[in-house]
Amino acid sequence: MDIQTSQNLFQASVTLSSLPTVRSLETLVGNTPLIPLRRVTTHLPATVQVLAKAEWFNPGGSIKDRPALNILRMALAEGKLGGGKRLLDSTSGNMGIAYATFGAALGIPVTLIVPANASPERIAILKALGAELILSDPSEGSDGAIRIARQMAAQHPERYYYANQYDNPANWQAHYCTTGPEIFHQTQGCVTHLVAGLGTSGTLIGAGRYLREVSSGIQLIAVQPSSPFHGLEGLKHMPTAIRPGIFDDSLIDQTIPIETEEAYQMVRRLAREEGLFVGISAGAAAVAAIRVAEQLEGGQVVTIFPDAGYKYLSDKALWAS
Amino acid sequence: MATIRIPTPLRPYTNGQSDLSISGETVGQVLDNLVQQYPALRTHIFNEDGGLRPFVNLFIGEENINDLQGISTPVQDGDRILLIPSIAGGEYPNVADFVP
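Order-wise, the sequence lines are chains S and L.
Under my numbering, the first residue of the first sequence is numbered 1, with each subsequent residue one higher.
Under my numbering, the first residue of the second sequence is numbered 1001, with each subsequent residue one higher.
The set of hints was computed from the structure by calculation and includes no laboratory data.
Certain hints may be false.
Unchecked claim - If you anchor each label on the Cβ, the simulated ranges turn out as follows:
no. : chain 1 : residue 1 : chain 2 : residue 2 : range
1   : L       : G1061     : S       : P20       : 26 to 36 Å
2   : L       : G1061     : S       : R268      : 55 to 65 Å
3   : S       : E297      : L       : N1033     : 48 to 58 Å
4   : S       : G189      : L       : G1050     : 33 to 43 Å
5   : L       : G1050     : S       : E262      : 15 to 25 Å
6   : L       : E1063     : S       : Q188      : 49 to 59 Å
7   : L       : S1023     : S       : R39       : 47 to 57 Å
8   : L       : E1048     : S       : H43       : 23 to 33 Å
9   : S       : A104      : L       : M1001     : 33 to 43 Å
10  : L       : T1003     : S       : R23       : 42 to 52 Å
11  : S       : Q155      : L       : E1063     : 48 to 58 Å
12  : S       : A124      : L       : N1066     : 18 to 28 Å
13  : S       : Q188      : L       : N1033     : 35 to 45 Å
14  : S       : E78       : L       : Q1069     : 27 to 37 Å
To be verified - Take a look, some chain S residues computed to stay more than 10 Å from chain L by CB distance:
no. : residue
15  : I3
16  : Q155
17  : G231
Unchecked claim - Computed, partial: chain S to chain L, Cβ under 10 Å:
no. : residue
18  : G141
19  : S215
20  : E261
Please read these numbers as outputs of a predicted model, since none were measured by experiment.
Glycine included, each C-beta is placed from N, C-alpha and C at the ideal position.
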């Protein structure tokens, strides 16, 4: 292929003069692509589509950019942050990376409680972004990190603004204002099912609440680990975990339990059959979305892929086989 | 006897106990004895083929058993074993700080 042909092919999809110069990093949050799954859904009828929201396109690399930025903005608007006060929260990784990203961009110091079994990639990224890290007992999981954050916030209210992603309404409101409307517009209002993992529950509650308002027949489907001991990073087994204050299970039509092993297998399939190099919670979401789609004669099943696979490369068991 | 630390999510299956003294000459034997005493733990730790589930990580002191001899790693009297789930894989350079 000569250079002219190559240029013509690219220019069919990209007009160089339309490439934006942005005002700030924050303006790049959201408006992520919605990508159809094709090769892992060949067994479905043509009338059923599974579409994944590619949240690693956010500047901080995950869906958590949305709630983190909204929590920061709300706290600044309410005068709860500023003057050197530190943002404090517990996180297993992505929310921390988002806080650290926008904290750095906005000049807000960040302190994070992270379980010590978070991957070295995550810990290295958080340190690179300048966050202060306090590692919590890995035996206690994310709930142990929550308890330490609560204790520190209570002991030093003058030093910390406790962002509390699990109870902060700015979390689900970010998805109500962005993720939900984006899904509705990207599907031209044809979305029939939203399938999303439960961590804080902010994504499903926020986007789901919006979609329920504009499309009353939509089915909202939660994905969670099948048991309390699991390897589904970012997801919570709600019956045995500290229940997030923002979790409203009256919105949810169905909950699908996922085994860690089937999520791992789907992560490998998405990479090798779709070219989608995603994280473990995306694998779990895809398993559940396809399971929902298999029951349909027609519909558009939208699911959320929270992040890419880069932060999981050191997990040898995930990529083996 | 080794002491094995049970993570919070699995304590409902050990009558709420967090630290258990279990006999065994290797990590595998300790785990076998553990699930014999607490059978409800089995499906959480082992897959149907009897292998460790892929997100189960075991440390002796500061060492991940995957860097030693796996479940054949010898266990000495007084060793402390930490059982934790992977929440995003890796070598866990910081886990050793929390070995009880």
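Consistency of the hints with the structure:
At roughly 53 Å, the beta carbons of G1061(L) and P20(S) sit outside the given window of 26 to 36 Å. A beta carbon spacing of about 32 Å between G1061(L) and R268(S) contradicts the range 55 to 65 Å that was offered as a hint. Separated by about 52 Å at the C-beta atoms, E297(S) and N1033(L) satisfy the suggested range of 48 to 58 Å. For G189(S) and G1050(L), the Cβ-Cβ distance of about 50 Å falls outside the hinted range of 33 to 43 Å, so the restraint is violated.
Our hint of 15 to 25 Å for G1050(L) and E262(S) holds, since their Cβ atoms are close to 19 Å apart. Here the CB-CB span from E1063(L) to Q188(S) is close to 55 Å, well matched to the stated 49 to 59 Å. Between S1023(L) and R39(S) the C-beta distance comes to about 50 Å, which sits within the given range of 47 to 57 Å. Separated by about 25 Å at the C-beta atoms, E1048(L) and H43(S) satisfy the suggested range of 23 to 33 Å.
A C-beta distance of roughly 49 Å is found between A104(S) and M1001(L), which places it outside the suggested range of 33 to 43 Å. Between T1003(L) and R23(S) the CB atoms are about 57 Å apart, so this pair departs from the stated range of 42 to 52 Å. Checking the proposed 48 to 58 Å range against Q155(S) and E1063(L) shows it is violated: the Cβ atoms sit about 35 Å from each other. Checking the proposed 18 to 28 Å range against A124(S) and N1066(L) shows it holds: the Cβ atoms sit about 20 Å from each other.
The hinted range of 35 to 45 Å is not satisfied by Q188(S) and N1033(L), whose Cβ atoms lie roughly 60 Å apart. One distance hint, 27 to 37 Å for the beta-carbon pair E78(S) and Q1069(L), is violated here, with the actual separation near 56 Å. For I3(S), the shortest C-beta to C-beta distance to chain L comes to about 42 Å, beyond the 10 Å cut-off, and the non-interface label holds. Distance check on Q155(S): its Cβ is at least 21 Å (rounded) from any Cβ of chain L, clearing the 10 Å threshold; non-interface status holds.
Interface exclusion of G231(S) from chain L breaks down, the closest Cβ pair being 2 Å apart, not more than 10 Å. Look at G141(S): its Cβ gets to within about 6 Å of chain L, closer than 10 Å, so that hint holds up. Given the 10 Å rule on beta carbons, the hint for S215(S) is violated: about 34 Å separates it from the nearest Cβ of chain L. Restraint check, E261(S) versus chain L: the minimum CB separation of about 6 Å is within 10 Å; hint holds.
The structure is inconsistent with the numbered hints 1, 2, 4, 9, 10, 11, 13, 14, 17 and 19, although it conforms to all the rest.
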